[in-house]
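Participant: Here the sequence shown is numbered in UniProt numbering, starting from 1 and rising by one per residue.
Some hints could be false.
Unchecked claim - So the derived label-pair ranges between C-beta atoms look like this:
{"id": "1", "residue 1": "Ile647", "residue 2": "Gly174", "range": "33 to 41 Å"}
{"id": "2", "residue 1": "Asp55", "residue 2": "Gly174", "range": "50 to 58 Å"}
{"id": "3", "residue 1": "Gly80", "residue 2": "Ile493", "range": "55 to 63 Å"}
{"id": "4", "residue 1": "Asp55", "residue 2": "Glu543", "range": "46 to 54 Å"}
{"id": "5", "residue 1": "Gln718", "residue 2": "Lys132", "range": "38 to 46 Å"}
{"id": "6", "residue 1": "Ile493", "residue 2": "Phe238", "range": "50 to 58 Å"}
{"id": "7", "residue 1": "Arg649", "residue 2": "Asp326", "range": "34 to 42 Å"}
{"id": "8", "residue 1": "Glu87", "residue 2": "Lys132", "range": "17 to 25 Å"}
{"id": "9", "residue 1": "Trp152", "residue 2": "Tyr18", "range": "54 to 62 Å"}
{"id": "10", "residue 1": "Arg48", "residue 2": "Leu648", "range": "43 to 51 Å"}
{"id": "11", "residue 1": "Thr588", "residue 2": "Ala310", "range": "12 to 20 Å"}
{"id": "12", "residue 1": "Glu357", "residue 2": "Tyr18", "range": "39 to 47 Å"}
{"id": "13", "residue 1": "Arg283", "residue 2": "Glu22", "range": "30 to 38 Å"}
{"id": "14", "residue 1": "Thr295", "residue 2": "Arg649", "range": "48 to 56 Å"}
No wet-lab data here; the hints were simulated from the structure. By construction, the Cβ of each residue, glycine as well, lies at the ideal position given by its N, Cα and C atoms.
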Amino acid sequence: MKLKGVNVHEHDPETGHYLTEELMRKDFELMRRANINTVRLCHYPQDRRFYELCDEYGFYVYDEANIESHGMRYDLRKGGTLGNNPEWLKPHMYRTINMFERNKNYPSLTFWSLGNEGGNGYNFYQTYLWMKQADKDIMDRPVNYERAQWEWNSDLYVPQYPSAGWLENIGKNGSDRPVVPSEYAHAMGNSTGSLWDQWKAIYKYPNLQGGYIWDWVDQGILTQDEKGRSFWAYGGDFGKNMPSDGNFCCNGIVNPDRTPHPAYSEVKYVHQNIAVEAIDLARGEFIVKNRFYFTNLKKYVIHYKVKENAKTIRSGKVCLDIAPQDSKLLNVNVSGLKPKVGTEYFVEFSVTTTQQEALIPVGYEIAKEQIRLPIESLARIYKVDGPALSCSVEDELLKVASSKVNFVFNKKEGLVTSYRMNGTEYFTDNFGFQPNFWRAPNDNDYGSQSPKRLQTWKQASKDFKVADANVKMDGKDAVLTVDYLLPAGNRYIVTYRIYPSGVIKADYTFTPVEQKTNRTGDAEVEIDPFTLGSEDIQKRRSELVVPRIGMRFRLFVDMNLITYFGRGPEENYIDRNAGVTVDLFQNTAEQMYFPYVRPQENGYRTDTRWLTLKEKNGKGLTIYADHTMGFTALRNSIEDFDGEEAILRDYQWLNRNEEELKHDTIAAKNVRPRQTHINDITPENFVEVCIDMKQMGVGGYDSWGAIPDSQYLIPANQEYRWGVTIVPM
Numbered sequence: 001m002k003l004k005g006v007n008v009h010e011h012d013p014e015t016g017h018y019l020t021e022e023l024m025r026k027d028f029e030l031m032r033r034a035n036i037n038t039v040r041l042c043h044y045p046q047d048r049r050f051y052e053l054c055d056e057y058g059f060y061v062y063d064e065a066n067i068e069s070h071g072m073r074y075d076l077r078k079g080g081t082l083g084n085n086p087e088w089l090k091p092h093m094y095r096t097i098n099m100f101e102r103n104k105n106y107p108s109l110t111f112w113s114l115g116n117e118g119g120n121g122y123n124f125y126q127t128y129l130w131m132k133q134a135d136k137d138i139m140d141r142p143v144n145y146e147r148a149q150w151e152w153n154s155d156l157y158v159p160q161y162p163s164a165g166w167l168e169n170i171g172k173n174g175s176d177r178p179v180v181p182s183e184y185a186h187a188m189g190n191s192t193g194s195l196w197d198q199w200k201a202i203y204k205y206p207n208l209q210g211g212y213i214w215d216w217v218d219q220g221i222l223t224q225d226e227k228g229r230s231f232w233a234y235g236g237d238f239g240k241n242m243p244s245d246g247n248f249c250c251n252g253i254v255n256p257d258r259t260p261h262p263a264y265s266e267v268k269y270v271h272q273n274i275a276v277e278a279i280d281l282a283r284g285e286f287i288v289k290n291r292f293y294f295t296n297l298k299k300y301v302i303h304y305k306v307k308e309n310a311k312t313i314r315s316g317k318v319c320l321d322i323a324p325q326d327s328k329l330l331n332v333n334v335s336g337l338k339p340k341v342g343t344e345y346f347v348e349f350s351v352t353t354t355q356q357e358a359l360i361p362v363g364y365e366i367a368k369e370q371i372r373l374p375i376e377s378l379a380r381i382y383k384v385d386g387p388a389l390s391c392s393v394e395d396e397l398l399k400v401a402s403s404k405v406n407f408v409f410n411k412k413e414g415l416v417t418s419y420r421m422n423g424t425e426y427f428t429d430n431f432g433f434q435p436n437f438w439r440a441p442n443d444n445d446y447g448s449q450s451p452k453r454l455q456t457w458k459q460a461s462k463d464f465k466v467a468d469a470n471v472k473m474d475g476k477d478a479v480l481t482v483d484y485l486l487p488a489g490n491r492y493i494v495t496y497r498i499y500p501s502g503v504i505k506a507d508y509t510f511t512p513v514e515q516k517t518n519r520t521g522d523a524e525v526e527i528d529p530f531t532l533g534s535e536d537i538q539k540r541r542s543e544l545v546v547p548r549i550g551m552r553f554r555l556f557v558d559m560n561l562i563t564y565f566g567r568g569p570e571e572n573y574i575d576r577n578a579g580v581t582v583d584l585f586q587n588t589a590e591q592m593y594f595p596y597v598r599p600q601e602n603g604y605r606t607d608t609r610w611l612t613l614k615e616k617n618g619k620g621l622t623i624y625a626d627h628t629m630g631f632t633a634l635r636n637s638i639e640d641f642d643g644e645e646a647i648l649r650d651y652q653w654l655n656r657n658e659e660e661l662k663h664d665t666i667a668a669k670n671v672r673p674r675q676t677h678i679n680d681i682t683p684e685n686f687v688e689v690c691i692d693m694k695q696m697g698v699g700g701y702d703s704w705g706a707i708p709d710s711q712y713l714i715p716a717n718q719e720y721r722w723g724v725t726i727v728p729m
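Starting from the given sequences, assemble the full structure and let the hints guide the process.
Facilitator: This is how it looks when you write it as structure tokens:
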């Protein structure tokens, strides 16, 4: 069977390690609704009531002895790991035997673990042999230990933090025992990328039997600041110069108050026990797979819909008698669907309960799938007619104007400063369309040193160097073209075609160039050296990636009503969007924000076809993607979530030795995150909108070095073309 697990620490944001039964039950309810079927107790046995509830609700328990000596590392020689030091055998045996004797009769207890990250060797050989003998005539449960790796004293291979590629390789090549990562998918902050890629391998190969996400809940402590504002405190908040790991204990898929992270929907999706796959889309043939091992699908209802964009045009439901691990064909009528302007067709499946289950109400959706039909949308036609336009150049200002339209680009500032329709200005504080290549670093970015490695894109997003900018008439249209030179040696060419109606077609080209100097007419524009030094430009070009390629602007605060057709409703990213569907969603800029314990990149939506931002009176903008786009629309700026900009907050100092106690701020810049919290985020008096061709993935294999998989990166040595159409309302 497949173990769909999560690591569980005892944590309450108000009472610390003490959990009430009510909170335990709340956790189990959230787990069950995310299709989680097993828990690893990290790294100690828990309260007896916890095991009793696992018995009641049917969770498989991976119990773990309270043994960890991580700080002694894993060297087998004298003075190294305690796991190979006979002087420490007695405490190893004591803790192992104590766990076994207390918990051996719980039927939910399925696996024993000898401990966590305590090295391997003589002591663990002895505890393994003792456990196998003691449990032989009771339940003869598997005994596991991560640091044993492929040695004989672990019945399963339980590695930590494997990638999807590693899982695919070990699945294909086979193994001498089941492979179940005891920790994987490090969920620190805005994370959990590539989880579906990992599970595609797990479902594919029988020797891959699941894994345990690290971990369940962010371990923040509810605190109030001097103004009475609540926030979750973490390492570094409890005394000057105290040893600390910063927010490294905030690795959960739920916040301290148990509000699910946006990644929760991804966890639920990858764990779901019913899969629907297309066999022949033209004929409407699908296969329904029962991933359960003990349950027939006839106890559930499968609802299906054919949707024209967000509108349901056909629907039905069926109960299928499918035995565990079996499958059956399902036909859906998709005939007669015709291409239409701005129209896509989808088939959606939703599997719901028909009877009350443990922690699951009647009618709850336990699985879903959305499959796009191969019927291409016809191109939209936009209104272009209106009063005659004229264009002019006044010092640094390039202007396009009519009795209806006013569009101004400031060559010196490098951005559009005004866009007015019938007297209505859309941009606040002259903060209009401008290039954007930067995102507020998430926790995984800091772990992989991305804020330092990719500083050139932060510079490129605020210090605009315009090589050339011109405006001219092209028939009835005005065409304004801007050629930006970027610090890493790329060009970003933006063309705004302004129609008399006020509609704008914006086209973007991101092009690598080799030369350091670009001549345009009589102007010579020097590109600042790449952050790592000008000599490294060529050498590192193939390794340099862009956090995002797009543009941003700020609207007046009243323009906070958002409607979009794209993936949702939860925040999602290109490496974490399998659990969200394409649909029509309505929201506000305030509600698009997600409060991660340490503020960081948040609120993104992928695969967006169009987006409307408007006031209550209906005035606003609609942005249509040429293909698809990603976006955020928040009451805060990128800088608000970028820890390096929080100059009043100290860095997250470790304070573990004399060297670290020096608090070297120069070395810490763009390397260590700052001590920021949700009370540092106050809504601004604007709505900042970021529109992207693409933003790189959030990552998620670990938070201390791993970067997103290559398919979720944006290499800087390639050309990209994208565009949008902006329609004023």
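Participant: Could you run down the list of hints and mark each one as holding or not?
Facilitator: Okay, the hints, checked on the actual structure:
1. Ile647 with Gly174: 33 to 41 Å: Violated: the Cβ-Cβ distance is about 54 Å, outside 33 to 41 Å.
2. Asp55 with Gly174: 50 to 58 Å: violated, 35 Å
3. Gly80 with Ile493: 55 to 63 Å: holds, 58 Å
4. Asp55 with Glu543: 46 to 54 Å: holds, 52 Å
5. Gln718 with Lys132: 38 to 46 Å: violated, 55 Å
6. Ile493 with Phe238: 50 to 58 Å: Once the Cβ atoms are compared, 51 Å apart, the range 50 to 58 Å for Phe238 and Ile493 holds.
7. Arg649 with Asp326: 34 to 42 Å: Given a distance of about 56 Å, which is not inside 34 to 42 Å, the answer is violated.
8. Glu87 with Lys132: 17 to 25 Å: Between Glu87 and Lys132, where Cβ atoms are some 24 Å apart, the hint holds.
9. Trp152 with Tyr18: 54 to 62 Å: violated, 39 Å
10. Arg48 with Leu648: 43 to 51 Å: Between Arg48 and Leu648, where Cβ atoms are some 47 Å apart, the hint holds.
11. Thr588 with Ala310: 12 to 20 Å: holds, 19 Å
12. Glu357 with Tyr18: 39 to 47 Å: For Tyr18 against Glu357, whose Cβ atoms are near 29 Å apart, the range 39 to 47 Å is violated.
13. Arg283 with Glu22: 30 to 38 Å: Given about 51 Å between the Cβ atoms, the range is violated.
14. Thr295 with Arg649: 48 to 56 Å: Check passed, 50 Å falls within 48 to 56 Å.
Checked against the numbered hints given earlier, this structure breaks hints 1, 2, 5, 7, 9, 12 and 13; the rest are met.
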